[in-house]
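One-letter residues, chain by chain:
Number of protein chains: 4
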Amino acid sequence: MAMMKKRFEGKVAIVTASTQGIGFSIAERLGLEGASIVISSRKQKNVDEAVEKLKSKGIEVFGVVCHVSNAQHRKNLIDQTIQKYGKINVVVSNAAANPSVDPILETKESILDKLWEINVKASILILQDAAPHLEKGSSVVFISSITAYQPSASMGMYGVTKTALLGLTKALAIEMSPDTRVNTVAPGFVPTHFADFLTKDENVRKEIEQRTLLNRLGTTEDMASATAYLASDDASYITGETLVVAGGMPSRL
Amino acid sequence: MAMMKKRFEGKVAIVTASTQGIGFSIAERLGLEGASIVISSRKQKNVDEAVEKLKSKGIEVFGVVCHVSNAQHRKNLIDQTIQKYGKINVVVSNAAANPSVDPILETKESILDKLWEINVKASILILQDAAPHLEKGSSVVFISSITAYQPSASMGMYGVTKTALLGLTKALAIEMSPDTRVNTVAPGFVPTHFADFLTKDENVRKEIEQRTLLNRLGTTEDMASATAYLASDDASYITGETLVVAGGMPSRL
Amino acid sequence: MAMMKKRFEGKVAIVTASTQGIGFSIAERLGLEGASIVISSRKQKNVDEAVEKLKSKGIEVFGVVCHVSNAQHRKNLIDQTIQKYGKINVVVSNAAANPSVDPILETKESILDKLWEINVKASILILQDAAPHLEKGSSVVFISSITAYQPSASMGMYGVTKTALLGLTKALAIEMSPDTRVNTVAPGFVPTHFADFLTKDENVRKEIEQRTLLNRLGTTEDMASATAYLASDDASYITGETLVVAGGMPSRL
Amino acid sequence: MAMMKKRFEGKVAIVTASTQGIGFSIAERLGLEGASIVISSRKQKNVDEAVEKLKSKGIEVFGVVCHVSNAQHRKNLIDQTIQKYGKINVVVSNAAANPSVDPILETKESILDKLWEINVKASILILQDAAPHLEKGSSVVFISSITAYQPSASMGMYGVTKTALLGLTKALAIEMSPDTRVNTVAPGFVPTHFADFLTKDENVRKEIEQRTLLNRLGTTEDMASATAYLASDDASYITGETLVVAGGMPSRL
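Residue numbers (numbering that gives the first Met the number 0), protein chains in the order written: chain A, 0 to 252; chain B, 0 to 252; chain C, 0 to 252; chain D, 0 to 252.
Chain A on its own, in the form it takes in the complex:
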């Protein structure tokens, strides 16, 4: 069978919110390309199950319960990673709060805060903990959203926090260069548990599909391959950039 070199042999990758959905596929893809993986999410049961699934595919993997908005959890995630593997090469910050479906002008302050805290601030704080351990040549990948560029009426504030990530990508690319690259994937609509509120309705799903040029929703694997590309040395001249993976939905030039 025709083969090419694995891109993450000898590398250690942390992926947050990775026991299902996009995060799980990213962990799986990086693992299949040779990385040692640290997966995490809020529930021990989910972590355990995901570890088993990845191990069954021959992936070197380690699971830590981590609610990213909890400072002690974040510290523990980094500490255990270092204890286990001794270094960090890739951080994929995938955790996000469930989108609020309320109009922004009807969203409670506590929900505004939660979206900010999980979607933006936690990404920063986890990097504050991880930064001292990042090897030269490391890579950070944020997961934004097509709604960062073209807001959806039904998930306005979620999109605003995802727009913030576009700026964070550029600012941290400056700050962490040249030793660490920082990039972002902006997924279109992917029918995960997370997006159930939209995609479980057949009509809404069809309507979204028709707004793409490729006549389908995204898959978690689509996002995993984009993340793997940006995190790999194939993208070693890319930093501060966002890659839209949205089936041709209107984005930006």
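To be clear, the hints were calculated from the coordinates, so they are not data collected in a lab. Any given hint could be a false lead.
Since the list gives no way to pick out one identical chain from another, each pair is judged satisfied if it fits inside one copy or across any two copies.
[Unchecked claim] Straight line, CA to CA, 27 Å or less: simulated BS3-like cross-link-like pairs of lysine-lysine:
#, residue 1, residue 2
1, Lys4, Lys54
2, Lys107, Lys74
3, Lys107, Lys135
4, Lys5, Lys56
5, Lys205, Lys135
6, Lys52, Lys107
7, Lys4, Lys52
8, Lys107, Lys86
9, Lys199, Lys54
10, Lys135, Lys74
11, Lys74, Lys42
Nothing here was measured: the structure is a model prediction, and the numbers come from that model.
Following the hints, put chains B, C and D in place on chain A, whose structure we already have.
Then chains B, C and D, alone, in the frame of chain A:
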């Protein structure tokens, strides 16, 4: 003397953080073009002085002390405006926290929160209070920054919150249309008290000037004329857009 | 009646393709704000009629027949302007070829060339002629299109040439700074003769209206006020920028 | 040695201007990942040498002399590809005219035309020839430039044509979907023969390096890996997008 029609006759405009700097110039410009102005900032003394200055130019003006991150203050600002003028036509959300000069990865959580709260959340919450009173044909203008597009190493997190405003502009434009337009001005570097930390140093100032194409820093009046344009009926077909006023510094297509 | 200062007193403005539609409204607006206007288009009859209409509104105006893709015509336009008024302060390059409705991959080479020649190259060549006569503080405005950012299936190649103008704006802003500013207006859909092929069909028009946030097509006056703003000293700190005037249609951050 | 699946087994890829520089590296990368390659450029000698180099690496390759602005050459390139391999899966349109270093306002009409013809029009015309032969699931990749987003004073018009490609990408993505995806790579500065005029001067090269965040110029391999990613099924949910590969030089959000 050759003249054209004033654009804000009979209109009521709230401008936050308007007792000096860009906010003051915006209040002055809207007032000179006929608007009744509600100015505000955190200190009574500053409010009083600004009211006097604007009155001396023949502007109808009313001052309210308002710290935009204080819910009671925000409510009071709107209540007093309605009590005084009975309606709102223009809201210019200009308040911003002082930029943090620390790298993002060395910025304390409390500072991250403060930038979010004043630069983004307060803009939302004040509109939640104002929205029920906005007349048909109203206009909202946010003040972002060139650093929303091209981050500056010395004010990274400030820029991230300003990037968030670009998304907020689009999301609220959807939400508030067609009765209210929502747009944003993204100023370049303006040597106000606010930017003193950069522009008071002659060398830094010169360096910034050279990054512009027009070989000068911006003026508060440059931002005021842009805001007045976007808030006026001259821009009645513009919503969800950001206008960069930065002397030709690198921005976006 | 409440008034403000006219912005183009003592200024001379050339507007191409200005005997009807958006160009005519731009000429009218600049003229009403005090500019001496040079209008032009391909047919003497149209030029004569437009001159009469503008004169009847008290505008100082002068008409020259000019097909912008004709080198002699372009030279003549500039020569006559200088002979008549002695200087140039504003150039609005509005001429555009009729959109091709064919798919790009079915468009003949001659049509591709024509769109390039009129929409992009003529804008450059007319500036090559005009540049030596531009006063310090002059302003150039190109007319692009929302389709520069978000292509329409039915006018693909037209949009591509309009995308080129976004880059031309930036490149010439660099080249002509600091003495001349260069900016662009990107109109949405305006029901002029030019867009008849789209907007004369009631259903297509309604469909386009629904893609805006303001539930209407644009007017030629909307584009004229945007152009006047960018060309005026109100925008004296803006160069290299494009202003989208498209009723909130999807554009860019 | 750890390996992963080759991504272009059984695929046929045409790469224009591929006997040296970026084009050659793209051909090599696609070939090493299993594609049968059709290389081309203007000179038989260069074609022959490149074919030998690629063959020596075990790549299935076929060379055709093709000046992309020659209609007969373009037709011949496609005809010979079909005759040899029977289908087309990937088209990488890499040909570009040498940048003009003159200011746009001092560039002769013939040079403006040449840049348009080679950088934009030839890309369209070659696809008009290739389209009937593209298999379902094909991929087109254009090569634009960082100067499409942020013009360089020394290569203004070159950048304008590269900006046009950003729009062409979106327009053709609409037109060719869902069967063919269309994307673009926007390289930063790569010290090829093509960019010699800039990068052979040590001082200019250092100055460019300092404008990147990664403190180096790009390599042809950086562009090849980006092109391979976009052309592969790893990017099967990406169409109409441009990926900036420029070492963190200012681009866009």
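These are the hints, each one checked on the structure:
{"no.": "1", "hint": "Lys4 with Lys54", "in the structure": "both (21 Å within a copy, 20 Å between copies)"}
{"no.": "2", "hint": "Lys107 with Lys74", "in the structure": "between (29 Å within a copy, 15 Å between copies)"}
{"no.": "3", "hint": "Lys107 with Lys135", "in the structure": "between (42 Å within a copy, 25 Å between copies)"}
{"no.": "4", "hint": "Lys5 with Lys56", "in the structure": "both (15 Å within a copy, 19 Å between copies)"}
{"no.": "5", "hint": "Lys205 with Lys135", "in the structure": "between (45 Å within a copy, 22 Å between copies)"}
{"no.": "6", "hint": "Lys52 with Lys107", "in the structure": "neither (38 Å within a copy, 38 Å between copies)"}
{"no.": "7", "hint": "Lys4 with Lys52", "in the structure": "both (24 Å within a copy, 21 Å between copies)"}
{"no.": "8", "hint": "Lys107 with Lys86", "in the structure": "between (40 Å within a copy, 24 Å between copies)"}
{"no.": "9", "hint": "Lys199 with Lys54", "in the structure": "neither (30 Å within a copy, 51 Å between copies)"}
{"no.": "10", "hint": "Lys135 with Lys74", "in the structure": "within (21 Å within a copy, 49 Å between copies)"}
{"no.": "11", "hint": "Lys74 with Lys42", "in the structure": "within (17 Å within a copy, 41 Å between copies)"}
Going through the hint list in order, the structure does not satisfy hints 6 and 9.
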